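Enquirer: Residues per chain are reported as follows:
Protein chains: 4
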Amino acid sequence: MRTFRLVIACPDRVGIVAKVSNFLATYNGWITEASHHSDTQSGWFFMRHEVRADSLPFDLEEFRHAFAPIAREFSMKWRVSDSSELKRVVLMASRESHCLADLLHRWHSGELPCEIPCVISNHDELRSMVEWHGIPYCHVPVDPQDKEPAFAEVSRLIREHAADTVVLARYMQILPPQLCQEFAMQVINIHHSFLPSFVGARPYHQASLRGVKLIGATCHYVTEELDAGPIIEQDVVRISHRDSVEDMVRLGKDVEKMVLSRGLRHHLEDRVMVHDNRTVVFA
Amino acid sequence: MRTFRLVIACPDRVGIVAKVSNFLATYNGWITEASHHSDTQSGWFFMRHEVRADSLPFDLEEFRHAFAPIAREFSMKWRVSDSSELKRVVLMASRESHCLADLLHRWHSGELPCEIPCVISNHDELRSMVEWHGIPYCHVPVDPQDKEPAFAEVSRLIREHAADTVVLARYMQILPPQLCQEFAMQVINIHHSFLPSFVGARPYHQASLRGVKLIGATCHYVTEELDAGPIIEQDVVRISHRDSVEDMVRLGKDVEKMVLSRGLRHHLEDRVMVHDNRTVVFA
Amino acid sequence: MRTFRLVIACPDRVGIVAKVSNFLATYNGWITEASHHSDTQSGWFFMRHEVRADSLPFDLEEFRHAFAPIAREFSMKWRVSDSSELKRVVLMASRESHCLADLLHRWHSGELPCEIPCVISNHDELRSMVEWHGIPYCHVPVDPQDKEPAFAEVSRLIREHAADTVVLARYMQILPPQLCQEFAMQVINIHHSFLPSFVGARPYHQASLRGVKLIGATCHYVTEELDAGPIIEQDVVRISHRDSVEDMVRLGKDVEKMVLSRGLRHHLEDRVMVHDNRTVVFA
Amino acid sequence: MRTFRLVIACPDRVGIVAKVSNFLATYNGWITEASHHSDTQSGWFFMRHEVRADSLPFDLEEFRHAFAPIAREFSMKWRVSDSSELKRVVLMASRESHCLADLLHRWHSGELPCEIPCVISNHDELRSMVEWHGIPYCHVPVDPQDKEPAFAEVSRLIREHAADTVVLARYMQILPPQLCQEFAMQVINIHHSFLPSFVGARPYHQASLRGVKLIGATCHYVTEELDAGPIIEQDVVRISHRDSVEDMVRLGKDVEKMVLSRGLRHHLEDRVMVHDNRTVVFA
Chain A
1 MRTFRLVIAC
11 PDRVGIVAKV
21 SNFLATYNGW
31 ITEASHHSDT
41 QSGWFFMRHE
51 VRADSLPFDL
61 EEFRHAFAPI
71 AREFSMKWRV
81 SDSSELKRVV
91 LMASRESHCL
101 ADLLHRWHSG
111 ELPCEIPCVI
121 SNHDELRSMV
131 EWHGIPYCHV
141 PVDPQDKEPA
151 FAEVSRLIRE
161 HAADTVVLAR
171 YMQILPPQLC
181 QEFAMQVINI
191 HHSFLPSFVG
201 ARPYHQASLR
211 GVKLIGATCH
221 YVTEELDAGP
231 IIEQDVVRIS
241 HRDSVEDMVR
251 LGKDVEKMVL
261 SRGLRHHLED
271 RVMVHDNRTV
281 VFA
Chain B
1 MRTFRLVIAC
11 PDRVGIVAKV
21 SNFLATYNGW
31 ITEASHHSDT
41 QSGWFFMRHE
51 VRADSLPFDL
61 EEFRHAFAPI
71 AREFSMKWRV
81 SDSSELKRVV
91 LMASRESHCL
101 ADLLHRWHSG
111 ELPCEIPCVI
121 SNHDELRSMV
131 EWHGIPYCHV
141 PVDPQDKEPA
151 FAEVSRLIRE
161 HAADTVVLAR
171 YMQILPPQLC
181 QEFAMQVINI
191 HHSFLPSFVG
201 ARPYHQASLR
211 GVKLIGATCH
221 YVTEELDAGP
231 IIEQDVVRIS
241 HRDSVEDMVR
251 LGKDVEKMVL
261 SRGLRHHLED
271 RVMVHDNRTV
281 VFA
Chain C
1 MRTFRLVIAC
11 PDRVGIVAKV
21 SNFLATYNGW
31 ITEASHHSDT
41 QSGWFFMRHE
51 VRADSLPFDL
61 EEFRHAFAPI
71 AREFSMKWRV
81 SDSSELKRVV
91 LMASRESHCL
101 ADLLHRWHSG
111 ELPCEIPCVI
121 SNHDELRSMV
131 EWHGIPYCHV
141 PVDPQDKEPA
151 FAEVSRLIRE
161 HAADTVVLAR
171 YMQILPPQLC
181 QEFAMQVINI
191 HHSFLPSFVG
201 ARPYHQASLR
211 GVKLIGATCH
221 YVTEELDAGP
231 IIEQDVVRIS
241 HRDSVEDMVR
251 LGKDVEKMVL
261 SRGLRHHLED
271 RVMVHDNRTV
281 VFA
Chain D
1 MRTFRLVIAC
11 PDRVGIVAKV
21 SNFLATYNGW
31 ITEASHHSDT
41 QSGWFFMRHE
51 VRADSLPFDL
61 EEFRHAFAPI
71 AREFSMKWRV
81 SDSSELKRVV
91 LMASRESHCL
101 ADLLHRWHSG
111 ELPCEIPCVI
121 SNHDELRSMV
131 EWHGIPYCHV
141 PVDPQDKEPA
151 FAEVSRLIRE
161 HAADTVVLAR
171 YMQILPPQLC
181 QEFAMQVINI
191 HHSFLPSFVG
201 ARPYHQASLR
211 GVKLIGATCH
221 YVTEELDAGP
231 IIEQDVVRIS
241 HRDSVEDMVR
251 LGKDVEKMVL
261 SRGLRHHLED
271 RVMVHDNRTV
281 VFA
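Residue numbers (UniProt numbering), protein chains in the order written: chain A, 1 to 283; chain B, 1 to 283; chain C, 1 to 283; chain D, 1 to 283.
Be careful, since some hints might not be right.
Coverage of chain D stretches by chain A, computed from C-beta distances (three or more under 8 Å per stretch; other residues unrestricted) [stated by the list, open to error]: (1) 14-25; (2) 38-44; (3) 233-242.
Keep in mind that the hints were calculated from the coordinates and are not lab data. Because the structure is a prediction, the values reported are computed rather than measured. Ideal placement from N, C-alpha and C gives every residue a C-beta, glycine not left out.
The task is simple: from the sequences and hints, build the whole structure.
Expert: Take a look at the structure:
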């Protein structure tokens, strides 16, 4: 069912819900899902409505036009999207295939509502797998001595493919600040630890040294500070003294791909809102 | 913070949210929490609002009066409650103390928003524990040959203490149909299995024989059909071949008390709505 | 590291562990993993040793010869296997791809220690995916009016490919009793419910009707009685009133493939022993 | 059933298992549980046997005498304990009752195999609850300006009550280094975060600021470095943007008490071995 998704954040005050639901009712909008959140710490209000598109008398453009006065009145940050206009997601990977294969299969079987215009990798190993899915594979090697040209090419490819979302599916390279800024809150990373524990490289080795009893994965938006962006989704799996670092890597893969696919799904369905480096996820 | 909780179920149609939020906005109601659910299978709509009591110009009685026309217009089943008017919960137990001790401690430490006018038990073992908490203990033995007098006394005690909720905290007796009807959707049971598996007696023995790898507990409203009432909450814990029935009993206790306290909390906060023998839980 | 896996079940009595570990120590066997279980209910003892192959002075044949007297003395059911001799696993699927794609990827990336001589399906949809992995695809349509010829062909293919394990990766057909007997404790199924709840067809519909708060999946050996064979692994995922049957199907897929791959892995590593329709899993 | 628990750690080499199981078999020892672990990183071997006491011809003293030569031969760190000689556990608490009440109830209902000679607290709030259980309550106020006298008294009380284990059940005071050394690997703490995230004070506030999607608790041995001792047990619970710090505190309580009771139980049953600031837990 085609829906419009109206996503709003604004300073909290009385009457927001009434105003918005009145607006929708005026046009006979059939609400299929509604979520609110009053954040008492920040004093902000967050709201998401999903409305059957065929119940409304206008298209997205007119919706925006009609809603603009309300948005102004309440100083809203807002967006409205059409579920039938799929987001364009560029996937980036390195040599590890588990996250990429998982996302490609979900997309291929119709479970992940997006388009994937291309996959970018700094290695060539995963080309055949990607191309079997009918998706172009862009091999952009990264010269450790001079990474700039590679990232310039990455930036160009993202823009060329009109992507609105970039997923680092175990890409294993740190994006330069400029890329982080250019695509703020559009780049999603999967980190293989339960952040904020074990930031940076080799988190499973860090976990093994510390002797933790659970290992985890964290899906978050990429910001300039490494592994410190707003967290979208996390999960853990139980380990024991019997699990070597290799076992952790294997067990961790399943958590990584589950957490990444869940986090990405929330993003694709416009369920994630960011405020003060934290997320509201209307799951 | 004192709130009014408005809980509504009605046949789904356009304009319900607008009507209700308009009503609240008209009186400057400050909504602290709002939840909606459109059940496409049954065509019913469910809604719960929590509104700051001090933001509204009237008390509960006037609220009911003012809202009644809207309720009629949309054929609503509805109720509004005051968070400061605590529900009165009669606890019933047998010999096992874990669920009862857990609920009493939560209540005693201020975590469980209710009053406990008395505890009823068919045995006398737990009297001292209950009385330490300052709660009257009613010992109502059940004669296996003639249970009727005992249940008549139970019914009398529930009414005498003006209870609106009864919790079977491992009471181990099957309530007669008449009691189930008299207090429909007011009696909460904890069953020590992941229902609908292992209905009836000795579920851990049944689980052991079947060789399951997880055991669970189910919190549900009591209906005339044994262990078949609407489910409020469930959870499981992992077991293995090493766990004997005794281990399951021990491990199960922790799940039972967690599931019961979570389910009861949802009920006390008016978060549970029943339709077609299933629950909507706005947790 | 190449290991021999010695797996033993026998009536419990004093001295079994000493006898077996003495045997291994006599030949300087380097034990890398050892697990025991005394089942007090049945009076049986279960044991599994993993021993570095290069620490022993003989091959599998001589191992069997040398150990046989001990096995006789203690009336053991036993087997010893070589980790470098991979099991041969025939996968069977229908139209749903999630379990098959997951297993193929794990195999392809070297995570699943087995050979996959062929995939058998009653439909032709998944041929291209399978063949991309370099695995033969056998399309064996099942005539609903006369299923016998199809299952005769399935049986022939399993034997032709010298498979020792068959995995029903959402095959959606009930195997005839003859096949169940012929390959007893060699056929692994994934059922999309937390057994014994919701045996048979459309378990997610059954779960939705019953209003459960968790849905699950069960990996088990196939026996003649439908969905009643020994359980190897189970897991669950939380759902709520908001999840339609379609949502359950989607959420369930992730549990199904995780549970199936974990259960299969245990089987491939000779960690599963069956006794009285229950499993001992030395995970 | 009364058992002897033989717990061993030593440099790994061939023949340890054979030697130990031979020793037990020689005396007709009936092994009810056996666990091994070869740590490839450190090259150490860990082993735990539980043996029916009535199957052995000697008491604990003679056991130690008979086993000593083997222990010397393999340079073992080892201990053997009698399940019927309960550990003596001093509980320490502050004002928060949830962990203390949970442990007391488990002890009172016979679930926790230990003796509790006294409870020490820096406040007087929990006296009545403790004394209802028939346990002496020692109020030892801590002067923030001069903590030494209080900790000297704590140390004296622990020794006076011949405790072999001390549990900080949300004691909220940092033990001085001297106490940590005096009772090394005997003091168990519950920290209300998933360590190593959020060391130190107010972990739920830290978690809220960071916007994590799971909060946790960690049960660990206390060492001189704050919240950095060997981890015995951990667990987490899911939270969302809707959960305030107060909600986290409430939800966290349940994880804290579960994790603490599980960790303590492992310790009481001699299932925990410490090596290189990490634990082997034969659960």
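Enquirer: None of the hints should be skipped; say for each whether it holds.
Expert: Here is how each hint holds up against the structure:
1. Check result for the region 14-25 of chain D against chain A: violated, 0 residues qualifying (beta carbon to beta carbon below 8 Å, three or more required).
2. With 3 residues carrying a beta carbon less than 8 Å from a beta carbon of chain A, the region 38-44 of chain D meets the three-residue requirement, and the given coverage holds.
3. Check result for the region 233-242 of chain D against chain A: holds, 7 residues qualifying (beta carbon to beta carbon below 8 Å, three or more required).
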